[in-house]
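There are 4 protein chains.
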Amino acid sequence: MSKKGKGERTRERILEAAAEEFASRGFYETKTIDILSKVGLTQPALYKHFPNKQSIYCELVDGLHVKFRRLIETARLGIGLTDDDVSAGAKEAVIHVFNLLFENPNVTRIAFFMDQNAENLKLELVKLIQKNIQSEQEMGYIRSDISAEIAAVCLVGMIERLTLEFLLPGKKSPESLADDVFGIFAPAMINKGSEPNPIDIIKHLE
Amino acid sequence: MSKKGKGERTRERILEAAAEEFASRGFYETKTIDILSKVGLTQPALYKHFPNKQSIYCELVDGLHVKFRRLIETARLGIGLTDDDVSAGAKEAVIHVFNLLFENPNVTRIAFFMDQNAENLKLELVKLIQKNIQSEQEMGYIRSDISAEIAAVCLVGMIERLTLEFLLPGKKSPESLADDVFGIFAPAMINKGSEPNPIDIIKHLE
Amino acid sequence: MSKKGKGERTRERILEAAAEEFASRGFYETKTIDILSKVGLTQPALYKHFPNKQSIYCELVDGLHVKFRRLIETARLGIGLTDDDVSAGAKEAVIHVFNLLFENPNVTRIAFFMDQNAENLKLELVKLIQKNIQSEQEMGYIRSDISAEIAAVCLVGMIERLTLEFLLPGKKSPESLADDVFGIFAPAMINKGSEPNPIDIIKHLE
Amino acid sequence: MSKKGKGERTRERILEAAAEEFASRGFYETKTIDILSKVGLTQPALYKHFPNKQSIYCELVDGLHVKFRRLIETARLGIGLTDDDVSAGAKEAVIHVFNLLFENPNVTRIAFFMDQNAENLKLELVKLIQKNIQSEQEMGYIRSDISAEIAAVCLVGMIERLTLEFLLPGKKSPESLADDVFGIFAPAMINKGSEPNPIDIIKHLE
DNA sequence: TATGAATGAGGTTTCATTCAT
DNA sequence: GATGAATGAAACCTCATTCAT
Chain B
1 MSKKGKGERT RERILEAAAE EFASRGFYET KTIDILSKVG LTQPALYKHF
51 PNKQSIYCEL VDGLHVKFRR LIETARLGIG LTDDDVSAGA KEAVIHVFNL
101 LFENPNVTRI AFFMDQNAEN LKLELVKLIQ KNIQSEQEMG YIRSDISAEI
151 AAVCLVGMIE RLTLEFLLPG KKSPESLADD VFGIFAPAMI NKGSEPNPID
201 IIKHLE
Chain D
1 MSKKGKGERT RERILEAAAE EFASRGFYET KTIDILSKVG LTQPALYKHF
51 PNKQSIYCEL VDGLHVKFRR LIETARLGIG LTDDDVSAGA KEAVIHVFNL
101 LFENPNVTRI AFFMDQNAEN LKLELVKLIQ KNIQSEQEMG YIRSDISAEI
151 AAVCLVGMIE RLTLEFLLPG KKSPESLADD VFGIFAPAMI NKGSEPNPID
201 IIKHLE
Chain G
1 MSKKGKGERT RERILEAAAE EFASRGFYET KTIDILSKVG LTQPALYKHF
51 PNKQSIYCEL VDGLHVKFRR LIETARLGIG LTDDDVSAGA KEAVIHVFNL
101 LFENPNVTRI AFFMDQNAEN LKLELVKLIQ KNIQSEQEMG YIRSDISAEI
151 AAVCLVGMIE RLTLEFLLPG KKSPESLADD VFGIFAPAMI NKGSEPNPID
201 IIKHLE
Chain F
1 MSKKGKGERT RERILEAAAE EFASRGFYET KTIDILSKVG LTQPALYKHF
51 PNKQSIYCEL VDGLHVKFRR LIETARLGIG LTDDDVSAGA KEAVIHVFNL
101 LFENPNVTRI AFFMDQNAEN LKLELVKLIQ KNIQSEQEMG YIRSDISAEI
151 AAVCLVGMIE RLTLEFLLPG KKSPESLADD VFGIFAPAMI NKGSEPNPID
201 IIKHLE
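Here the protein sequences line up with chains B, D, G and F, keeping their order. Per the UniProt record's numbering, the very first residue in the first sequence carries number 1; after that it's consecutive. Per the UniProt record's numbering, the very first residue in the second sequence carries number 1; after that it's consecutive. Per the UniProt record's numbering, the very first residue in the third sequence carries number 1; after that it's consecutive. Per the UniProt record's numbering, the very first residue in the fourth sequence carries number 1; after that it's consecutive.
You may find that some hints are simply not true.
Copies of the same chain look alike in the list, so a pair counts if it works inside one copy or between any two.
Dumping the calculated EDC-like pairs for lysine to aspartate or glutamate here, alpha-carbon to alpha-carbon at most 20 Å [to be verified]:
id: 1; residue 1: Lys53; residue 2: Glu29
id: 2; residue 1: Lys127; residue 2: Glu103
id: 3; residue 1: Lys6; residue 2: Glu73
id: 4; residue 1: Lys91; residue 2: Asp145
id: 5; residue 1: Lys127; residue 2: Glu8
id: 6; residue 1: Lys122; residue 2: Glu16
id: 7; residue 1: Lys91; residue 2: Glu20
id: 8; residue 1: Lys172; residue 2: Asp145
id: 9; residue 1: Lys48; residue 2: Asp34
id: 10; residue 1: Lys171; residue 2: Glu149
id: 11; residue 1: Lys6; residue 2: Glu16
id: 12; residue 1: Lys172; residue 2: Glu149
Calculated directly from the structure, the hints in this document are not laboratory data.
Whole structure, please, built from the sequences with the hints as guidance.
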């Protein structure tokens, strides 16, 4: 009666168990038998569903990486909004990031923190944020005396560590963490005492 | 002339090669033979100097962890200075951290970024910073509407990522990075729009 | 209308597919699933019809081996004929052999060329031929300066290789190959330059 | 003191044991542990010397195949001799073949009788012999009413079976077997009653 | 001090084979 | 009669690690 065949469900149970094991022990210390005994299966069952241990790992990692890249892409396309939307949109984007990372904490641990390739992912995120910051700097909304790259890198660093210490353990919600991040990041970026760059204002009025 | 015997030198060459390999491939993908062929030795030589592969890894990791904890301890003891010292001291402390992380990039990669235990280390750093922030919040020097813990976590996150992207690749110096960090973190913490706490002002004027 | 039930037909399709696979890949490189996918069945179906993989192989091999031994037995009983019959009968026998080997080329490949037990079969054939040759040698019809055993072995060798190179690929018919074999073997056996044994001549004139 | 290092000798002992096992059980029924227990070693020792089980097999097979092809090549270059040399040379060549096959009976069993690729080898031998026969047919030395190809195939068939039944078990020497082969093959080929073709004679006198 | 040669131990993987439906 | 899903068993291979020199 169930839409999914038993095989499909088994496959998913393997993936889930693998995620738990990989997240807590790492790839190498996770033995296939650890995964299987968790699911209550024996070795050949695993190889009915996956060609090898590595492929389970990859499926988990790639899954998140794809979603993550898609999120970045979506955010990139959303660039170029009006005033309030800009900062509101930024926070919204960060919430999306936290949401995604919170979807499956085990997978996030693996794909976003343990996997070597995660660095590339973070670099892409940095690039996206950097571009946004630069736009806003050109518009004079935020300080221009700070390197957009440095700022972006810092923002990503904050997101990372907040994810590890508050999001994954379930201590804080994505929204709340986004507030926290911008509670620090926004004030740091604000064009405080200095007059806004007149040219930027003109640009903005057009 | 050299104080160190040949054996001691060999031991160090092994450690160094191991650091390179561990840093680039990780513990499990680094085979003892990879390390040895890099040094031009054969397997038994390794076991003359170390009880096993794990011990090489531990020696590298523990070395940095000890130094790191010592740094934190020193910083902790240095708490409770006068105003200028406070922020100057904070930046100084961050420089020390960057300096330590820059001492041996390979080891840093291993002990500070790959090793599971690094989380504890970072947690200790967070605690230290959190305490400092709390002190300053109590003194009214900085915003009190931000959780000291969150702020500390964010600061550590920034340090981490800046280390990975600028310090380890040699793109920026410890001092410059400390400037960058405080260029963002300090303004974010400043008690701006709100009326400053009168008591704090008095303190500050002294 | 068909005498055979569906099960029986399935059984035969399995045998046939197995013969193809065994013949082209050998026993070990043929996986049960290869056979089954060829027939469009799944694994349990196989075990409804055969106790195991080996038994399929045996059934194929034994089938030919039994037929072959029966052929040899028939030939053995037919020994002791008059002159013309002798050589004519010999060629007839070889045609029978080729016919049998041509009946199912795949099975022949397996049972006559790949199976270790085939050696015994060939040995039996050698023994039979050797006896025939000896009889004829005693009768003086053919050279006595050649070991009957050697001659028999050679004849079997020819049959084997001709089978592989011409019969199984369908390049030559059993009859034509029998002609070829005797085109070489008969002249080789003939009592040519030497004076024929007078006694033999007398026998021959009868 | 010995020229060969211990490792090299071990390698050879493995090869030798493998040849025995492969020859008697076949590739798949030979477990690496069978080979190793014969040599008194454990698994890793094998993999110090060979990348895998297959490579041991290949080294054995390729070794003989190369020698065999070299032999054929040498024979090919030796074509085109005078009268007596022709048949003498042919026998000589067959002796070389038998000698090679006798050098290492186990390897011969594997590379010349069990290995699938052996068929190609035999085909090459057939081609060589066929050419020689054709030359002699053109010169009128031997019967032209027999297909050179058929004759060559038969000759190879004889060699094969004689090898299996007499050479490998050590029942007959290469020379003796060559005599046997030509005792049958030469008379079969001889241009008995018929006058030699005049044109061929002229050709031969040139 | 360093090495050539060997090992113990254990993991991944691959089959043929079966159970419950 | 046939199947989806699972298993038992065993082979290959790869390590870190050690022995004897």
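Alpha-carbon proximity between Lys172 and Asp145, which holds within one copy, between copies, both or neither at 20 Å: Between copies only: 17 Å across, 33 Å inside.
Alpha-carbon proximity between Lys91 and Glu20, which holds within one copy, between copies, both or neither at 20 Å: neither (30 Å within a copy, 39 Å between copies)
20 Å Cα threshold - placement of Glu149 relative to Lys172: between (28 Å within a copy, 13 Å between copies)
Alpha-carbon proximity context of Lys127 and Glu103, limit 20 Å: Neither way: Lys127 and Glu103 sit 24 Å apart in one copy and 28 Å across, limit 20 Å.
Intra/inter-copy verdict for Lys171 and Glu149 if alpha-carbon distance must be at most 20 Å: Between copies only: 13 Å across, 30 Å inside.
Within, between, both or neither, where Lys53 and Glu29 count as close if Cα-Cα is 20 Å or less: both (12 Å within a copy, 15 Å between copies)
20 Å Cα threshold - placement of Glu73 relative to Lys6: For Lys6 and Glu73, the Cα distance exceeds 20 Å both inside one copy (35 Å) and across copies (56 Å).
Intra- versus inter-copy proximity for Asp145 and Lys91 (alpha-carbon distance at most 20 Å): Classified as between: cross-chain Cα gap 19 Å, same-chain 22 Å, threshold 20 Å.
Intra- versus inter-subunit Cα pairing at 20 Å for Lys6 with Glu16: Cα proximity of Lys6 and Glu16: one copy only (15 Å, versus 33 Å across).
Intra/inter-copy verdict for Lys48 and Asp34 if alpha-carbon distance must be at most 20 Å: So Lys48 and Asp34 pass the 20 Å test inside a copy (17 Å) and across (16 Å) alike.
20 Å Cα threshold - placement of Glu16 relative to Lys122: neither (24 Å within a copy, 29 Å between copies)
Same-copy or cross-copy closeness of Lys127 to Glu8 [CA-CA at most 20 Å]: Cα proximity of Lys127 and Glu8: none, with 38 Å in one copy and 46 Å across.
Against the hints set out earlier in the document, violations occur for numbers 2, 3, 5, 6, 7.
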